[in-house]
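**Student:** Here the protein sequences come in this chain order: R and C.
Residue numbering for the first sequence follows my numbering, starting at 20 and increasing by one per position.
Residue numbering for the second sequence follows my numbering, starting at 20 and increasing by one per position.
One or more of the hints may lead you astray.
Remember, identical chains collapse to one label, so a pair may be satisfied in a single copy or spanning two.
[Said to hold, decoys possible] SDA-like, lysine to any residue: derived pairs with alpha carbons at most 25 Å apart: (1) Lys111 x Ala177; (2) Lys293 x Glu147; (3) Lys293 x Glu367; (4) Lys159 x Pro317; (5) Lys378 x Asp306; (6) Lys185 x Leu273; (7) Lys168 x Trp182; (8) Lys357 x Gly30; (9) Lys209 x Ser142; (10) Lys224 x Gly382; (11) Lys138 x Thr330; (12) Lys135 x Ser351; (13) Lys135 x Asn208; (14) Lys22 x Asn323; (15) Lys111 x Glu100; (16) Lys69 x Ala179; (17) Lys185 x Asp269; (18) Lys111 x Gly382; (19) Lys111 x Gly226; (20) Lys293 x Lys316; (21) Lys293 x Pro317; (22) Lys316 x Glu367; (23) Lys69 x Glu54; (24) Lys378 x Thr162; (25) Lys248 x Pro161; (26) Lys168 x Ala179; (27) Lys316 x Gln374; (28) Lys138 x Gly382.
If you're looking for bench data, these hints aren't it; they were derived computationally from the structure.
Protein chains: 2
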Amino acid sequence: MTKSIGVIGGGQLARMMIAPAQVMGISIKVLAESEDSPASLAATQVGDYKDVATVRAFASTVDVITFDHEHVPLDVLETLEAEGYEFQPSSKALRFAQNKLDMRSALTELGVPCPKWAKVQSSEELDEFINSSGSVAILKTPTGGYDGKGVRVVRSSADALDWLAKREPLLVEEKVDFVRELAQLSARNKSGSWSSWTLVETIQKDGVCAEVHSPATSSNGELAAQIAKTIAEGLNVTGVLAVELFETADGRLLVNELAMRPHNSGHFSIEGSKTSQFEQHLRAALDMPLGDTAATKPFAVMLNVLGQNDTNTFGLVDRMVDGASIHVYGKSARVGRKMGHITALSDESLEDARQIALKVWEGLQA
Amino acid sequence: MTKSIGVIGGGQLARMMIAPAQVMGISIKVLAESEDSPASLAATQVGDYKDVATVRAFASTVDVITFDHEHVPLDVLETLEAEGYEFQPSSKALRFAQNKLDMRSALTELGVPCPKWAKVQSSEELDEFINSSGSVAILKTPTGGYDGKGVRVVRSSADALDWLAKREPLLVEEKVDFVRELAQLSARNKSGSWSSWTLVETIQKDGVCAEVHSPATSSNGELAAQIAKTIAEGLNVTGVLAVELFETADGRLLVNELAMRPHNSGHFSIEGSKTSQFEQHLRAALDMPLGDTAATKPFAVMLNVLGQNDTNTFGLVDRMVDGASIHVYGKSARVGRKMGHITALSDESLEDARQIALKVWEGLQA
């Protein structure tokens with residue numbers, strides 16, 4: 020019996036699920052936002068994922084529904100779950116990826132180390148938190164943020180008058196003095212099997228992931244995996260779970276963000292791991308046995324290819340240059356947009372892998 | 020500029036071109052025979068590839084057209100080439116893969132070693148050849164044969180009265196006393212760059228490929244590559260060229276068959292080579308630089324998964340078992356049908372890879 024999976028969202032994450040679905044003989048369908056989405060090849064419907072009737076029509080064509088992003092409204096998911104449609108992850112798990120205040124509460128309850136945080140709604144509450152936290156803090160809108168959006172460094176409530184004016188709860192967190200940012204990727208299937216990849220280091224530039232180094236130069240691999248497992252089990256996550264972490268100078272790990280879907284920090288796994296995050300996400304959502312996440316080479320570096328201007332789409336490039344792989348997402352060009360990525364593997368060192376990837380990147384710009 | 024490629028035929032070869040097309044940002048479209056073909060995900064048209072209007076309509080939607088099989092009639096290709104549509108390989112090359120008499124003439128002219136052969140049309144001609152070749156020969160219909168069809172062992176013209184009755188030319192060949200069958204896979208792009216994979220051994224069962232071992236236990240690797248290059252250049256082949264070879268007890272190589280498309284003997288390259296035959300075929304057809312064909316592991320074994328009955332579709336299987344990969348083609352089940360394949364890699368030996376693959380195969384039947 021061929022199983023079918025539906026993916027809500029037609030971005031590059033859905034696009035990269037297509038190849039493993041084909042290999043495994045899984046029928047894949049995509050509900051895309053537009054006709055020319057990166058995952059258009061598998062798009063069977065174009066429509067608004069916020070509209071319950073649209074999502075219902077799509078859900079009725081597949082066995083299980085999963086996600087390219089976490090923006091489907093919770094009430095849409097809850098309504099359709101009550102009608103018997105199966106979402107993986109379910110609304111019960113996904114709410115913690117959608118709402119950062121709910122996430123902080125749940126993680127604190129699970130004993131997972133987080134930055135100091137508070138829910139604030141007034142200038143007074145915010146200023147009090149800032150004053151008790153070294154005169155600076157990170158303010159976040161609980162929902163809707165990504166790639167640095169919905170996040171602001173604040174030194175006084177005056178820096179957030181526009182957000183406070185909405186009189187909705189905000190999440191404020193201490194500004195963590197971290198030495199590096201890490202990501203722990205893992206996956207959990209419906210039956211509860213759980214499997215992690217190696218801990219990776221993520222290098223952000225202007226709030227957007229620029230590079231991922233696998234493995235991270237950190238001795239916290241076991242602790243990170245333990246944190247990820249606690250979260251996956253505690254929140255009943257199914258599919259891929261990405262846990263973004265801060266590592267402090269004194270060696271502590273603090274959870275920054277969660278994503279319950281394949282994640283930019285895991286793109287290296289397509290070449291760098293025996294089972295990619297995209298295959299594993301499908302396996303987990305369909306409750307298949309999880310694949311082996313062992314590394315194929317000791318070192319992997321991924322570089323995001325961001326749009327440099329509004330014309331270069333980086334289409335039809337020479338993918339295989341000195342052992343690096345270029346992935347092209349098929350998007351129209353825009354400055355700063357994630358247009359694709361480059362992964363390079365090495366037996367020697369992270370620096371060796373990085374140099375290979377950089378050389379390819381330079382070739383792309385020529 | 021995103022390039023688009025059209026594939027005529029919706030079988031597993033077209034299906035396996037989808038993943039590399041997505042990675043490279045190439046738009047891929049398929050003209051399929053039926054709605055539920057293995058490559059249905061990329062099918063933009065369902066129709067008869069023998070009908071020139073159907074093929075023209077499809078060709079007009081893409082930059083370059085290539086093939087999942089070699090059955091598109093030559094006059095259809097020639098008509099559309101004259102109208103300016105670009106086929107890779109072109110009709111000038113493809114005719115040698117379509118017609119075995121033309122192939123034998125051309126290879127003989129190129130000095131490529133072939134079994135002793137003749138064109139015969141009458142009982143007398145056939146019996147004369149058989150008598151001069153040790154009382155047994157291989158008789159082939161020049162066109163339309165595959166997987167053992169259109170091929171017959173004959174000891175007298177009485178064994179082929181039905182074919183002779185059609186009064187059309189037949190190809191008769193000596194029955195080669197071979198010690199093993201080999202396949203040399205290579206690819207050539209429009210600009211003339213050529214690149215080969217390692218020589219592999221193919222193990223046939225009932226006229227159908229059952230196993231492929233890479234590398235072949237043969238010392239004829241260089242000679243095989245040289246033969247393949249002579250053919251690719253001599254016949255102006257673009258895309259993947261598979262040269263099936265006999266190896267004789269005295270170490271000679273004789274060309275058995277040609278295919279100008281990805282080939283069953285090259286499926287191991289998806290995991291076993293840095294560039295798979297499917298990616299390379301797209302690169303060659305679109306005149307991109309060819310990828311690196313170095314092996315990812317020293318040994319690879321591929322087993323075809325043939326239908327055992329009319330119900331087991333081998334869908335949704337546990338792909339990653341002890342390092343082996345299962346590929347499912349998404350076909351309805353039929354006895355003897357190629358339903359998928361298993362590839363196992365090993366650092367140790369061919370036998371080690373084979374045992375891993377066999378273990379997975381046994382698991383599939385459980």
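**Student:** Take the hints in turn and mark each one as holding or not.
**Tutor:** Here is what the structure says about each hint:
When the C-alpha separation of Lys111 and Ala177 is checked against a cutoff of 25 Å, the pair qualifies neither within a copy, at 36 Å, nor between copies, at 75 Å. With identical chains, the CA atoms of Lys293 and Glu147 are never at most 25 Å apart, being 49 Å at best within one copy and 57 Å at best between copies. Taking identical chains as interchangeable, the C-alpha atoms of Lys293 and Glu367 lie at most 25 Å apart whether they share a chain (19 Å) or sit on different chains (18 Å). For the homomeric pair Lys159 and Pro317, neither the shortest alpha-carbon distance inside one copy (37 Å) nor that between copies (51 Å) is at most 25 Å.
Proximity of Lys378 to Asp306 under the C-alpha cut-off of 25 Å is restricted to the inter-copy arrangement: shortest distance 22 Å between copies versus 40 Å within a copy. Taking the shortest alpha-carbon separations for Lys185 and Leu273, neither the intra-copy value of 29 Å nor the inter-copy value of 80 Å comes in at or below 25 Å. Only within a single protomer do Lys168 and Trp182 lie at most 25 Å apart by alpha-carbon distance; the minimum there is 13 Å, versus 73 Å between protomers. In this assembly of identical chains, Lys357 and Gly30 lie within 25 Å of each other by CA distance solely inside one copy; the values are 10 Å within and 33 Å between copies.
Taking identical chains as interchangeable, the C-alpha atoms of Lys209 and Ser142 are never at most 25 Å apart, the minima being 43 Å within one chain and 67 Å between chains. In the homo-oligomer, the alpha carbons of Lys224 and Gly382 lie at most 25 Å apart inside one protomer (21 Å), although the nearest pairing across protomers, at 47 Å, exceeds that limit. When the C-alpha separation of Lys138 and Thr330 is checked against a cutoff of 25 Å, the pair qualifies neither within a copy, at 43 Å, nor between copies, at 57 Å. When the C-alpha separation of Lys135 and Ser351 is checked against a cutoff of 25 Å, the pair qualifies neither within a copy, at 40 Å, nor between copies, at 57 Å.
With identical chains, the CA atoms of Lys135 and Asn208 are never at most 25 Å apart, being 31 Å at best within one copy and 59 Å at best between copies. When the C-alpha separation of Lys22 and Asn323 is checked against a cutoff of 25 Å, the pair qualifies only between copies, where the shortest distance is 22 Å, while the shortest distance within a copy is 32 Å. When the C-alpha separation of Lys111 and Glu100 is checked against a cutoff of 25 Å, the pair qualifies only within one copy, where the shortest distance is 10 Å, while the shortest distance between copies is 58 Å. Taking the shortest Cα distances, Lys69 and Ala179 never come within 25 Å of each other, neither inside one copy (28 Å) nor across copies (68 Å).
Proximity of Lys185 and Asp269 under a CA criterion of 25 Å is satisfied in neither setting, with 38 Å inside one chain copy and 87 Å between copies. For the homomeric pair Lys111 and Gly382, neither the shortest alpha-carbon distance inside one copy (45 Å) nor that between copies (35 Å) is at most 25 Å. Proximity of Lys111 to Gly226 under the C-alpha cut-off of 25 Å is found in neither arrangement, the shortest distances being 28 Å within a copy and 55 Å between copies. Taking identical chains as interchangeable, the C-alpha atoms of Lys293 and Lys316 lie at most 25 Å apart whether they share a chain (10 Å) or sit on different chains (13 Å).
For the identical chains of this complex, Lys293 and Pro317 are neighbours both inside a copy (12 Å) and across copies (17 Å), given an alpha-carbon limit of 25 Å. Within a single copy, Lys316 and Glu367 get their C-alpha atoms as close as 9 Å, and across copies as close as 17 Å, so both meet the 25 Å cut-off. When the C-alpha separation of Lys69 and Glu54 is checked against a cutoff of 25 Å, the pair qualifies only within one copy, where the shortest distance is 17 Å, while the shortest distance between copies is 31 Å. Proximity of Lys378 to Thr162 under the C-alpha cut-off of 25 Å is found in neither arrangement, the shortest distances being 38 Å within a copy and 48 Å between copies.
In the homo-oligomer, the alpha carbons of Lys248 and Pro161 lie at most 25 Å apart inside one protomer (24 Å), although the nearest pairing across protomers, at 62 Å, exceeds that limit. Only within a single protomer do Lys168 and Ala179 lie at most 25 Å apart by alpha-carbon distance; the minimum there is 14 Å, versus 76 Å between protomers. Taking the shortest Cα distances, Lys316 and Gln374 sit within 25 Å of each other both inside one copy (16 Å) and across copies (23 Å). Neither within a single protomer nor between protomers do Lys138 and Gly382 lie at most 25 Å apart by alpha-carbon distance, with minima of 47 Å and 53 Å respectively.
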